[in-house]
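Novice: Sequence:
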Amino acid sequence: MKNVISTDKAPAAIGPYSQAIEVNNMVYTSGIIPVVPSTGEIPEGSAAQAKQAFENLSNLLEAAGSSMEKVVKTTVFIKEMNDFGAINEVYADFFPAPFPARSCVEVARLPKDVMLEIEAVAVK
Numbered sequence: 001m002k003n004v005i006s007t008d009k010a011p012a013a014i015g016p017y018s019q020a021i022e023v024n025n026m027v028y029t030s031g032i033i034p035v036v037p038s039t040g041e042i043p044e045g046s047a048a049q050a051k052q053a054f055e056n057l058s059n060l061l062e063a064a065g066s067s068m069e070k071v072v073k074t075t076v077f078i079k080e081m082n083d084f085g086a087i088n089e090v091y092a093d094f095f096p097a098p099f100p101a102r103s104c105v106e107v108a109r110l111p112k113d114v115m116l117e118i119e120a121v122a123v124k
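One point on numbering: in the working numbering, the residue at position 81 of the sequence shown is 81, and numbering is uninterrupted.
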């Protein structure tokens, strides 16, 4: 059975999808963007956006009964590969070693024209 996970401490879904789904003690998140949930604002700059996106992800995982420490796989979509270094520095602050497996790809455009989006799979 799948359980829908949602929280007002992460951006609300802007389409027909759930913020996260838990199945068999695994949590699968949708893509998380750097929107401040309480205001709808988007921080400026890749590092600030990364920090907000990872805070949103952390809040969603907490709502699911998991945490950043229990993430086993992430996918990071970035608008500009030149921002990889700045985003990577923030990423390292949020994920403790041993680090989760990760894919990182540059994409042409993201929702709300943000600079990055992250999705994750975590153990509950």
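Treat the hints loosely; a few may be bogus.
[Said to hold, decoys possible] Below, a list of computed lysine-lysine pairs in the BS3-like style, where the Cα atoms sit at most 30 Å apart: (1) K51 to K73; (2) K112 to K9; (3) K112 to K73; (4) K9 to K73; (5) K9 to K124; (6) K2 to K112; (7) K51 to K9; (8) K112 to K79; (9) K112 to K70; (10) K124 to K51; (11) K51 to K112; (12) K70 to K51; (13) K51 to K79; (14) K124 to K2; (15) K79 to K9; (16) K70 to K9; (17) K124 to K73; (18) K70 to K2; (19) K2 to K73; (20) K124 to K70.
Think of the hints as simulated: they come from the structure by calculation, not from any bench.
Novice: Does the structure break any of the earlier hints, and which numbers would those be?
Specialist: none
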